[in-house]
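Engineer: These are the residues of each chain, in order.
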Amino acid sequence: MKTFTASDLSQQRRAVLEAGRGSGALVRDTDGEVVVVVPASLLNHLERIGDLSRSFVALTQSLEADAVSPAALADFAWAAQWPRARRARLAREIGDAIALAVSLKDPAPVEAVLDRCSPPLHELNPRFDGEAMWKVLSEGEHEQLAGRRTPKRRRLSK
Amino acid sequence: MIVRKVEAVDLYRFDLMQRTPDPPPWVVEVEDFIFRHAWYWANQGTERAFLLAEDDNGELIGVSACELASDGVAYLPAVLVVYEQRRQGYARQLLDETLDRAELLAPGGTAFWLVHEDNAVMRRLSEETGALATGRTEDAYLRFELAF
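Line by line, the protein sequences are chains A and B.
The letter at position 66 of the first sequence is residue 66 when you use our numbering, and the numbering goes up by one with no holes.
The letter at position 40 of the second sequence is residue 1040 when you use our numbering, and the numbering goes up by one with no holes.
Certain hints may be false.
[To be verified] Below are the EDC-like pairs computed for lysine to aspartate or glutamate, each with C-alpha atoms no more than 16 Å apart in a straight line:
#1 B/Lys1005 x B/Asp1055
#2 A/Lys135 x B/Asp1071
#3 A/Lys2 x A/Glu18
#4 A/Lys135 x B/Glu1029
#5 A/Lys152 x B/Glu1127
#6 A/Lys152 x B/Glu1128
#7 B/Lys1005 x B/Glu1054
#8 B/Lys1005 x B/Glu1138
#9 B/Lys1005 x B/Glu1047
#10 A/Lys105 x A/Asp29
#11 A/Lys152 x B/Asp1100
#12 A/Lys152 x B/Asp1010
#13 B/Lys1005 x B/Asp1071
#14 A/Lys152 x B/Asp1139
#15 A/Lys152 x B/Glu1145
#16 B/Lys1005 x B/Glu1127
#17 A/Lys105 x A/Glu139
#18 A/Lys105 x A/Glu18
[Said to hold, decoys possible] Some chain A residues near chain B, calculated using beta-carbon distances under 8 Å:
#19 Met133
#20 Pro151
#21 Arg153
#22 Leu156
Think of the hints as simulated: they come from the structure by calculation, not from any bench.
Cβ coordinates follow ideal geometry from the N, Cα and C atoms, glycine included.
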């Protein structure tokens, strides 16, 4: 990371931004406090890795508990219903993926495991899965209120 | 108000959203989903649009989504104005913008969405779009439907 002073923010604005967009810029304020400039995507990635790591710790701790709360497992809430051995396998896989994610500064390896292992969207809440809702409603598992042709849209705000 | 697709970098903003105090069940459901499973929607393909509304200062106003449920049929699983921004008329604009995106997913087709029968504001707005309540689920959600 390249280091700048507070006055560089006006005198070397472009250089500070370029450094921030690259490996990062350290800007030392007049009172000595150092501010870091990095791409927002990197910050987002690191925060996500932090959240996943917290969930991973909860998942690991759950292996020693008799009862597991879905809320405690956060990102892995859906695994609360799994038997202990299956959770242990998931924890090993997530642990490897988190180690890789930390070295890459990118949560993608963990997200890939989540995508593969987590249940489909309609099992989390069918209301948020259009295909599942369409199937339910098309199969007549609801009370019909109107039978006429669907009306045309009217704009609300334009 | 600007409505745009949610990007990965926006996900952390949802953690900062104030949850609705004493919320009705339909708000709980959408807020839960946004807090806990937004990453599902953020991995959007061409058949899904996860949208974020913000003001000129970048303050979050709301979140909505639409997706292709079947050929020519778009589904709107959520239209939410965040707690601090309610009662300012944003829901009307957000629903309209979401229907615009839904029309891109299902041009010439239809759209449907569910509104809890006690959600008076969204029921009224839904009726104003021309949508018709064509069904009712066992847990008191009305299905609104309209054609593009």
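Engineer: Hint by hint, note whether the structure agrees.
Structural biologist: Each hint, compared with the structure:
Between B/Lys1005 and B/Asp1055 the CA atoms are separated by roughly 14 Å; this keeps the pair inside 16 Å, and the hint holds. Restraint check: the Cα-Cα separation between A/Lys135 and B/Asp1071 comes to about 12 Å, which is no more than 16 Å; the hinted pair holds. Between A/Lys2 and A/Glu18 the CA atoms are separated by roughly 10 Å; this keeps the pair inside 16 Å, and the hint holds. The suggested pairing of A/Lys135 with B/Glu1029 is violated, with an alpha-carbon distance near 20 Å, which exceeds 16 Å.
Of the supplied pair hints, the one linking A/Lys152 and B/Glu1127 holds, its CA atoms being roughly 11 Å apart against a limit of 16 Å. As the CA atoms of A/Lys152 and B/Glu1128 are separated by approximately 11 Å, the hinted pair is consistent with the 16 Å bound. Taken as a hint, the B/Lys1005 and B/Glu1054 pair is honoured in the structure, with Cα atoms around 11 Å apart against an allowance of 16 Å. A C-alpha spacing of about 32 Å is found between B/Lys1005 and B/Glu1138, which places the hinted pair above 16 Å, so the restraint is violated.
Using a Cα cut-off of 16 Å, the hinted pair B/Lys1005 and B/Glu1047 holds, with the two alpha carbons roughly 13 Å apart. With a C-alpha separation of about 27 Å, the suggested pair A/Lys105 and A/Asp29 falls outside the 16 Å cut-off, and the hint is violated. For the given pair, A/Lys152 sits about 13 Å from B/Asp1100 by alpha-carbon distance, which is consistent with the 16 Å threshold. For the proposed pair A/Lys152 and B/Asp1010, the alpha carbon gap of about 34 Å is over 16 Å, so the pair is violated.
For a cut-off of 16 Å, the pair hint linking B/Lys1005 to B/Asp1071 is broken: about 22 Å separates their Cα positions. Restraint check for A/Lys152 and B/Asp1139: the C-alpha separation of about 27 Å exceeds 16 Å, so the hint is violated. The straight-line distance between the Cα atoms of A/Lys152 and B/Glu1145 is roughly 9 Å, inside the 16 Å bound, and the hint therefore holds. Between the alpha carbons of B/Lys1005 and B/Glu1127 the distance comes to roughly 26 Å, so the proposed pair goes past 16 Å and is violated.
For a cut-off of 16 Å, the pair hint linking A/Lys105 to A/Glu139 is broken: about 46 Å separates their Cα positions. A threshold of 16 Å between alpha carbons decides the hint, and for A/Lys105 with A/Glu18 the separation of about 19 Å lies outside it, so the pair is violated. Checking A/Met133 against chain B: minimum C-beta separation of about 6 Å stays under 8 Å; hint holds. For the restraint placing A/Pro151 at the interface with chain B, the shortest Cβ-Cβ distance is roughly 5 Å, inside the 8 Å limit, so the hint holds.
Annotation: interface hint on A/Arg153 holds; nearest CB of chain B at approximately 5 Å, less than 8 Å. A cut of 8 Å between beta carbons decides the hint on A/Leu156: the least distance to chain B is about 4 Å, and the hint holds.
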